[in-house]
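J.: Sequence:
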Amino acid sequence: MPTFGNILARKGGTAMTGKEVTLSLAIPAPKDGKPFVETAVVLLLPVSEARKSAAFRAADAYVAECERVASETGQPSTAPSIKDERALRFLCESMRDASDARKFFVESERINDFRDVVIAEQIRLLLSEYDQLILDEYAEVRTKQELLEMKAQALATFQPGQG
-1 MPTFGNILAR KGGTAMTGKE VTLSLAIPAP KDGKPFVETA VVLLLPVSEA
49 RKSAAFRAAD AYVAECERVA SETGQPSTAP SIKDERALRF LCESMRDASD
99 ARKFFVESER INDFRDVVIA EQIRLLLSEY DQLILDEYAE VRTKQELLEM
149 KAQALATFQP GQG
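Going by this note's numbering, the letters in the sequence shown line up with residues -1 to 161, in that order.
One should not assume that every hint holds.
Stated by the list, open to error - Under the rule of at most 25 angstroms between Cα atoms (straight-line distance), these lysine-lysine pairs were calculated in the DSS-like manner:
no., residue 1, residue 2
1, K81, K17
2, K50, K149
3, K50, K29
4, K81, K29
5, K17, K50
6, K17, K149
7, K142, K9
8, K17, K101
What the hints assert, rightly or not - Quick list of simulated restraints, FRET-style, between CB atoms:
no., residue 1, residue 2, range
9, S69, P28, 17 to 25 angstroms
10, T37, D82, 34 to 42 angstroms
11, E138, A68, 40 to 48 angstroms
12, G72, R140, 47 to 55 angstroms
13, G72, K32, 32 to 40 angstroms
14, F2, Q73, 27 to 35 angstroms
15, G72, V39, 19 to 27 angstroms
16, F112, T155, 20 to 28 angstroms
17, D129, S51, 17 to 25 angstroms
18, L145, A62, 37 to 45 angstroms
19, T155, F2, 32 to 40 angstroms
Hints in this document: simulated from the structure, not taken from any laboratory.
As the structure is a computational prediction, the values presented were derived from the model and not from experiment.
Ideal Cβ placement from N, Cα and C applies to all residues, glycine included.
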């Protein structure tokens, strides 16, 4: 078995395909207030622990800053819940440009703009699709029950003596 260092030193390998998700984004229209709908395809890719931690720290800092501003101005806070902000920032780490996975779909300076057009149901959908991506790409995270269900499905599909 190769060590982690040897794995990193290798050239090549099999690229992950990610998971494409189509979103309908309601883009605000400044003239009459009616948003127009723009369809976008995003590519979900796994998020490393390091990137997840950075996203969570950014989320915590954003919420703290919103609370600080509200406290200093006496205005109601515009801060989302920590859970919601962490989910949003995490997904922004996962979502890539479907035509060039090196590019983030939402650049860090556009997170507030994205927050204004995405709806809660889309966040839930994206989190669900991300969970499915992880199950598809990382066999070791599947539960024993899921593996038993897959085996039963395979046995039902391929009769004894087939192929």
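J.: Taking the hints in turn, state whether each one holds.
T.: Evaluated hints:
The straight-line distance between the Cα atoms of K81 and K17 is roughly 23 angstroms, inside the 25 angstroms bound, and the hint therefore holds. Annotation: proposed proximity of K50 to K149 is violated, straight-line Cα distance about 33 angstroms (limit 25 angstroms). The straight-line distance between the Cα atoms of K50 and K29 is roughly 38 angstroms, outside the 25 angstroms bound, and the hint therefore fails. Under the criterion of a C-alpha separation no larger than 25 angstroms, the hint pairing K81 with K29 is inconsistent with the structure, at around 34 angstroms.
For the proposed pair K17 and K50, the alpha carbon gap of about 18 angstroms is at most 25 angstroms, so the pair holds. Under the criterion of a C-alpha separation no larger than 25 angstroms, the hint pairing K17 with K149 is consistent with the structure, at around 24 angstroms. At roughly 33 angstroms between alpha-carbon atoms, K142 and K9 are farther apart than 25 angstroms, so this suggested pair is violated. Annotation: proposed proximity of K17 to K101 holds, straight-line Cα distance about 15 angstroms (limit 25 angstroms).
A hinted range of 17 to 25 angstroms for the beta carbons of S69 and P28 is inconsistent with their spacing of about 31 angstroms. For the hinted restraint 34 to 42 angstroms between T37 and D82, the CB-CB distance of approximately 24 angstroms leaves it violated. Here the CB-CB span from E138 to A68 is close to 44 angstroms, well matched to the stated 40 to 48 angstroms. With their beta carbons about 51 angstroms apart, G72 and R140 fall inside the hinted range of 47 to 55 angstroms.
Separated by about 33 angstroms at the C-beta atoms, G72 and K32 satisfy the suggested range of 32 to 40 angstroms. Against the hinted window of 27 to 35 angstroms, the Cβ-Cβ separation of F2 and Q73 comes to about 50 angstroms, which falls outside the hint. Between G72 and V39, the C-beta spacing of about 43 angstroms breaks the proposed range 19 to 27 angstroms. At roughly 41 angstroms, the beta carbons of F112 and T155 sit outside the given window of 20 to 28 angstroms.
Range check, D129 to S51: Cβ separation about 19 angstroms, and the 17 to 25 angstroms hint holds. Under the hint 37 to 45 angstroms, the C-beta atoms of L145 and A62, about 42 angstroms apart, fit the expected range. Range check, T155 to F2: about 37 angstroms between beta-carbon atoms, so the 32 to 40 angstroms window is met.
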